[in-house]
Amino acid sequence: MNKVVAGADQAIADVSDGAILMLGGFGLCGIPENCIAALVRKKVKDLTCISNNAGVDDFGIGLMLQQRQVKKMISSYVGENAEFERQLLSGELEVELIPQGTLATRCLAAGYGMPAIYTPAGVGTEVAAGKETRVFNGKEYLMEMAFAADFAIVKAWKGDTHGNLIFRATSRNFNPLMAMAGKITIAEVEELVPAGQLEPDHVHTPGIYVHRIFQGSNYEKRIEQRTARTR
Amino acid sequence: MSNEPRGRVKEFFMAMTKEQIAQRIARELRDGYYVNLGIGIPTLVANYIPAGMNVALQSENGLLGMGPFPYAGEEDADLINAGKQTITTVPGSAFFDSAMSFGMIRAGKVDLTVLGAMEVSQDGDIANWKIPGKLVKGMGGAMDLVASARNIIVAMMHTNPKGESKLLPACMLPLTGRRCIKRVVSDLAVLDIHDGKFHLLERAPGVSVDYIREKTAGELVVLGDVPEIEF
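Those protein sequence lines, which keep their order, are chains A and B.
Residue 2 is where the first sequence starts when you use our numbering, and the numbers rise one by one after that.
Residue 6 is where the second sequence starts when you use our numbering, and the numbers rise one by one after that.
Okay, chain B solo, but in the shape it has when bound (with noise of 0.2 Å):
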C-alpha cells in the first residue's frame, strides 16, 4: 500500500459510504434474528437484509415486526417507530408496553443491536448521548440497549468532521456505557474489541492499514493480511 489515500476528497472517495457501512453491517444478520437499529447509519441496516432472510425488527417503544414506510395517505398516527416516523407492521408482527420491550432488550432476547457513537474507546466503552457545553437532549433508551445487549455493533464515521479519530484510547465525553461494545464497523474498517485494545479485522476498500492506524487514536492490533471489504 505506498498511495495512501490522504487528501479529504481522496479519503471521501476510498472510505465506505454511510450505505455500505449499512450493507456490510447487514452481512451480520441471521435468519430468525430479532434486531434493534438505532437512528442514523444503522436504520440503512433495514434496505441490505437479505431476500428470503427472516429478521424481525424491534422497535423500542414496543413493536416488534417493523415494516416500511406506509404508502402516503395510509400513515397511522398511532403507529411510530422510536424516531417518532410513521411506519407499517409485517406479518407476525407484536405491539407491547414500554417495559416489556425494554425487558425484552434486558434479558437479552433481542440478537442484534445496531448503534451509532460519538465516541468508542479501546476498553469498549461508549459515548454517545451528551456534549458537555451544548444542549443535552437525554440518552433515549440508548443506556439500556448498551448496558444489555449481547450482540452489540456500532455503526460510525472513524473520525470526526475534523479528521480527529473517534476510536479512542478513553473516551472525552460522558458515558452511555462501559466496556460493552465488542465490535465497531466504520467508513475505515471492521474492528473488534478486546483485551483492552482494538483488532483491525477488515479494511474498507483501497484503504491501507497504515491509514487506518493513522485514523486510530487507540491501541491498534493488526495480525497478518487483513482483508478488504468486496462490494
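Same shape as in the complex, but just chain A (with noise of 0.2 Å):
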C-alpha cells in the first residue's frame, strides 16, 4: 500500500525509449515539473506524449522538445513554442491533433475501464477521417477509443503515502483523468503526507490508481499569461 518513491529520477527510471506518456497540466499549469526535468535528465528518447499542450520553448514539454526527446505528440492545442514548430515542420516531430473534450473523456474512459466513447466533436471535420460513427436520436456521433498509455506522469497538490490525490485550482484539469488511465500511474506531489492525514471525502483520485508518488521540489509554476488589474 505504500507508493512511495525517494524522487523523480526513481519514479521514471523504468520509462525507456519509445514509451507512451501521458502528462497532466493545461498550459504549464498543473505540469509534472520535477518528472520532466528528470526525463530530461534520463535522455529517454523517441517518445509519444499524450498532452493537452506542448510547452513552452524553455518550459514543460518543451524542455523534453529541446533534447529531441519526442518523437510524437497528441494534443489539443500546440501553439506558444517555437522549437515544436520548427520540429514539426522539418518533419522531425509526428503531431496528432485532437479536440480537448475528446483528449478528457479518453483518458476518463481508459480509467473507468470502457473501450471507447461516442462524441459528437469532429462530426463532419477531418477529425472523423476513418472513424466509425453512429446515430444516436438523430444525432451523429464519433467512436473514440479509450487511450492505452504506458505512464501517466501528473502533478497534484497533496497526497498521502497511499497514492490518494488532491488538486488545487484549475492545475486539477487532465491530472486526475490521466491519474486514472496509466498502466504505471506517477504522481509528484508539492506536500506529501502520511496516509490518514487526508479527509476521505477531499480526496480527488483514489490511491488505487497510483503506483508510485513522491514529494516535489523547487516548483516554478511558472505564470504563462500573467494578466492583472490595478487597484
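For the record, the hints were derived by calculation from the structure and aren't laboratory data.
Treat the hints with care, since some could be wrong.
What the hints assert, rightly or not - Here are the simulated lysine-lysine pairs, DSS-like style, with alpha carbons at most 27 Å apart:
hint, chain 1, residue 1, chain 2, residue 2
1, B, LYS167, B, LYS114
2, A, LYS132, A, LYS72
3, A, LYS73, B, LYS135
4, B, LYS139, B, LYS114
5, A, LYS140, B, LYS202
6, A, LYS72, B, LYS167
7, A, LYS73, B, LYS139
8, A, LYS73, B, LYS202
9, A, LYS222, A, LYS73
10, A, LYS46, B, LYS142
11, B, LYS187, A, LYS140
12, A, LYS73, A, LYS44
13, A, LYS132, A, LYS73
14, B, LYS135, A, LYS132
15, B, LYS142, B, LYS167
The model shown is predicted, which means the values in this text are computed figures rather than measured ones.
Both chains are given apart, each in its own frame, so use the hints to dock them into the complex.
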C-alpha cells in the first residue's frame, strides 16, 4: 500500500525509449515539473506524449522537445512554442491534434475500463476521417478509443503515502483523468503526508490508481499569461 | 438608405466596434445563465453583463464562476482560464476536471456559448481552427463546443482584412463543426441561420441593408424593415 519513492529519478527510472506517456497539465498549469526534469536528465527518447499542450520553448514539455526526446505529440493545442514549430515543419516531430474534450474523455474511458466513447466533437470534420460513426436519437457521433499509455505522469497539490491525491484550483485539469489512465501512474505532489492525514471526503483521485508518489521540490509554477488589474 | 458607406474609413466608423459586438451579444444573457466565452471578442462580453444579473462564466479547463483578473501581485499560477491568463473566482464557484468540464458542455448544461470564427456558412457550418498552408496550432475545445452547445453565438467581423465576406454559401477552410451555428453577431449585423440561409435581424448603426447584402456572400433573407441596433 505504500507507494512512496525517493524522487523523480526513481519514479521514472523504468521509462524506456519509445514509451507512451501521459503528462498532466493545461498550458503550464499543473504540469509535473520534477518528472519532466528527470526525463530530460535520463535522455530517454522516441517518446509519444499525450498532453493537452506542448509547453513553451524553455519550460514544460518544451524542455523535452529541445533535447529531441519526443517522437509524437497527441494534443489539442500546441501554440506558443517555436522549437515545436521547427521540428514539426522539418518532419522530425509527428503531431496528432484531437479535440480537447475528446482528449479528456479518452483518458476518462481508460480509467473507467471502457474501451471507447461516442462524442459529437469532430463530426463532419477531418477529425472524423476513418472513424466509425453511429447515430443516436438522430444525431451523429464519432467512436473514439480509450487511450492506452505506458505511464501517466501527473502533478497534485497534496498526496498521501497510499497515493490518494488532491488537486488545487484549475491545476486539476487533466491530472486526475490521466492518473486513472496509465498502466503505471506516477504522481508528484507539493506536499506528501502520511496515510490518514487527508480527509477521505476531499480525495479527488483514490490511491488505487497511483503506483508511485513523491514530494516534488523547487516548483517554479511558471505563469504563461500574467494578467492583472490595478486597484 | 441612399448614402451608403463605401470607403474603408467610412466603413470603419459605421460598423460596430469589437466592444459594441460584445455589448450586443450581452443582451442575449439571462439571469441564471451558465456561459462559455471563447478567446477574442467573446471574452469582452463579460464586461457588459448587466448589473444585478447573475451569470456564471465557464472556463473549459475546469472552472464555473470565473471572476476578473487578479490584482497585481495576487496572481495564482494554479488559477487560470482557457486562454492561460491568470484569473480569480467569484463567490459560489466550482473547480472540476477537464472531462467533467466537457461533460457539462456535451450534456447541454451550458446555456450560451460565444466563440469567434474565420468563416460561417449558410448551412451553419463553422471554420475557425485551421488555415491550409499555415502552421496549425490545434482546435483546443472548439470542436467540442460547437458540436454540443444548444445555443451558440458566433462573434466575428463580417469580412476579412481583404474585405472578403466571411459569411459564405459554403466554408472553404477545414470545418470545426457542421450545421451547428444558429446566430452570428458581426460588426455589420445580427443574423440567424436556418433553412440553409442567413436571415438578417438587425443592422449596425448607420449600416444599410444593401451594404450588408453586398458583404454577405451566402444567401441572405431580408424581411420587412430591419431595425438598427441602438447603443
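Within a Cα-Cα threshold of 27 Å, do A/LYS72 and B/LYS167 meet the stated pairing? violated (39 Å)
Quickly compare the C-alpha distance for B/LYS142 and B/LYS167 to 27 Å and report which way the hint goes. holds (23 Å)
Distance restraint between A/LYS140 and B/LYS202, which requires alpha-carbon spacing of 27 Å or less: holds (21 Å)
Hey, A/LYS132 versus A/LYS73, does the alpha-carbon distance stay inside 27 Å? At roughly 20 Å apart (the allowed maximum being 27 Å), A/LYS73 and A/LYS132 satisfy the hint.
Against the 27 Å threshold, does the CA-CA distance of B/LYS135 and A/LYS132 hold or violate the hint? Within the cut-off at roughly 20 Å; holds.
Is A/LYS73 close enough to A/LYS44, meaning Cα to Cα at most 27 Å? holds (16 Å)
Does A/LYS73 pair with B/LYS135 here, judged by a C-alpha cut-off of 27 Å? holds (20 Å)
Holds or violated: are the alpha carbons of A/LYS73 and B/LYS139 at most 27 Å from each other? holds (20 Å)
Do the alpha carbons of A/LYS132 and A/LYS72 lie within 27 Å of each other, as the hint requires? holds (24 Å)
Tell me if the straight-line CA distance from B/LYS167 to B/LYS114 falls inside 27 Å. violated (38 Å)
Holds or violated: B/LYS139 to B/LYS114, with C-alpha atoms at most 27 Å apart: Given pair B/LYS139, B/LYS114 is violated - Cα atoms ~35 Å apart, limit 27 Å.
Do the alpha carbons of A/LYS222 and A/LYS73 lie within 27 Å of each other, as the hint requires? The hint holds at about 25 Å.
Consistency with the previously given hints fails for numbers 1, 4, 6, 8, ordered from lowest to highest.
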